[in-house]
Amino acid sequence: MDWFFNFPHMDDDALRNLKKFIDESFRAFTRAYGDAIEGFFSPLQTFLIYSERFMTKTPWPIITLIVLAIAWAGSRNLKIVAGCLFSLLAIGYFDMWDDTMRTISMIFVCTILSIAIGIPIGIMMSRSDRLQRIVNPVLDVMQTMPSFVYLIPVVMLLGIGKVPGLIAVVIYAIPPMIRLTNLGIRLVDKDVLEAADAFGSSSWQKLVWVQMPLALPTIMAGINQCIMMALAMVVIASMIGVQGLGQPVLKAIANQYFTLGIFNGLAIVGIAIIFDRVSQSYGQRLQKHREIIHG
Amino acid sequence: MADQRFDGIKIRNLYKIFGQNGAAHVEAVRNGLSKTELNEKFGLVLGLKDINIEMPAGCIQVIMGLSGSGKSTLIRHINRLIDPTSGEVLVNGVDVVRMNESELRDFRRHQTAMVFQKFALLPHRNVLENTVYGLDVQKINRAKSTEIAMQWLERVGLKGFEKKYPNQLSGGMQQRVGLARALSNDAPVLLMDEAYSALDPLIRMDMQSVLLGLQKEIKKTIVFITHDLDEALRLGDQIAILRDGEVIQQGTSQDIVLRPADDYIANFVKEVNRGRVIHVDAVMTPVAAGHAVNGATVMSGSSIDDAMKLLAHGNATDVTITDPAGIPLGTVDLKCLAAAVVSSH
Ligand SMILES: Nc1ncnc2c1ncn2[C@@H]1O[C@H](COP(=O)(O)OP(=O)(O)O)[C@@H](O)[C@H]1O
Ligand SMILES: [Mg+2]
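First to last, the sequence lines map onto chains R and L.
Quick note on this note's numbering: the first sequence kicks off at 1 and runs consecutively.
Quick note on this note's numbering: the second sequence kicks off at 296 and runs consecutively.
Chain R extracted, bound-state conformation:
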């Protein structure tokens, strides 16, 4: 009756060998292709370094002005601009400026990368039900797999540093980008699409003039989600060498520095709110003429 009380599992030795075999093969793969893969990602490294250098080397008043200008352009709302100004000044006053800039730079690169990869995948998915059936479960895995787990192979391949951190963050943050692009395009009004066909639009014309503009509010929601998820990964990414607000938090956890943790945590919250409000109100402004009214 032993099998009834203890799950009859794989033989201990066999299991150990299986794990060892997988690990060994992956290590062999890493040794063989690690350099090539690192080379492949080196443009990303350059991009990251430039972006970070720009954010940290530019004098703070200029950065502040740029951020406020973007906030205004996006939201056309003075309250939001004032909120941004207050958050930035508070962050600077409590000496978290440099870390904040590094984090913003990382989030920026991550968002660009997610858009560049996510939107084309979302578009392809919206055109093929088969692709949708394949990609959806993959996205589910990406979102539910604990992020520590996929940090392991990334670190094994690329070591500790900015690029592996960025890749981990993108893996975590890109699913909403893909999902909402796909959804947005699939929800475009069938009547309008039919009109586009009736006028002889090519599929590219239809995509650029009809589907993308009409899906844009949904895609903006995807970008917003993507930024929020990337920010949620800041602390975890700092474990594999991404600099920024995550590292002080990590230090605070290890040494029980309560105030340090709170301050940096609040700074993350602050930029999350800035990103969120600006991108949301931009999305709403896009909506202005879009609701369809018949009759």
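Be aware that a few hints might be false.
[To be verified] Simulated pairs of lysine-lysine, DSBU-like, Cα-Cα distance not exceeding 30 Å: (1) L:K434 - L:K458; (2) R:K288 - L:K434; (3) R:K206 - L:K434.
For the record, the hints were derived by calculation from the structure and aren't laboratory data.
Based on the hints, put chain L with the ligands in the right spot on chain R.
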């Protein structure tokens, strides 16, 4: 405007069966398998059955039928938004069914334009940008397309609204944009699928007048779908009546009103204002050539209402009907006019 030698639209033996492998059942339908049987036995929907219509160039062909009778399905075969199960659709002599993808795209860009029941405007484009859509698709530069679009916007009464967005306009205005967008294409065929059905009655009358006024000039081959017999009789040079995917009568408004093919159509016709539809020619007593014209005259093709108005407001007892050259063709008196108005089957 439209190509002078445009040869109209000819639909021949058109069948549409919705569902998987419909083609296998065309033969059975041809041999009398009914719509209900097809649905119950094979789960397929008979959309159109053996449609044969000739639409001459420069005429308004109305297709009338109740909801679900297959009107939208039929009109979408003309620009092949729907692929037929079998049959031919000849537009200007070319079979649309056989076109490959790029021929079809070209055909849609240059030979047809369409107006939709729900307007189908692009909400993120303003009125002007919507109007140039078809020209954008044809890769005509904005300076030229704007000029064309502005001209049509003015013609449909939208001057000054170019910068408005569709959701800032009433339904009637939105459909004017839809019409301007279609006309800007300057295609010989204009397809209008219940274009006016979503509009209020007064605005609808107004838009009918706009269309009739324009048609005098543009002389396009217009296919106009409606479920409203009054609209059909007012606009149609030719009318085809559709029921359950079959054409049950085709002809002019006179044919439909005076000689309804079956009880189903007679039932519709009962409700129309006969005085406004029936021409005096149908009820006049012919006269010999050289008949002296004295008193009131109306032109051949006038309605019974027109003749009655003359009699009601003047002291003549009969009205002479003349052809455009003034030659008398026949006469009518009040009694025969009244009989025509009230007569029914
Ligand atoms: N894609 C489709 N698949 C199955 N049945 C359809 C499809 N499109 C239309 N039908 C059916 O064909 C018939 C005619 O539809 P439609 O042409 O839209 O009618 P109408 O425009 O006259 O109201 C209806 O019974 C409808 O249910
Ligand atoms: Mg319809």
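Each hint tested on the structure:
1. A C-alpha spacing of about 22 Å is found between K434 (chain L) and K458 (chain L), which places the hinted pair at or below 30 Å, so the restraint holds.
2. Restraint check for K288 (chain R) and K434 (chain L): the C-alpha separation of about 28 Å stays at or below 30 Å, so the hint holds.
3. Only pairs whose Cα atoms come within 30 Å are accepted, and K206 (chain R) paired with K434 (chain L) is accepted, the gap being roughly 13 Å.
The structure agrees with every numbered hint stated previously.
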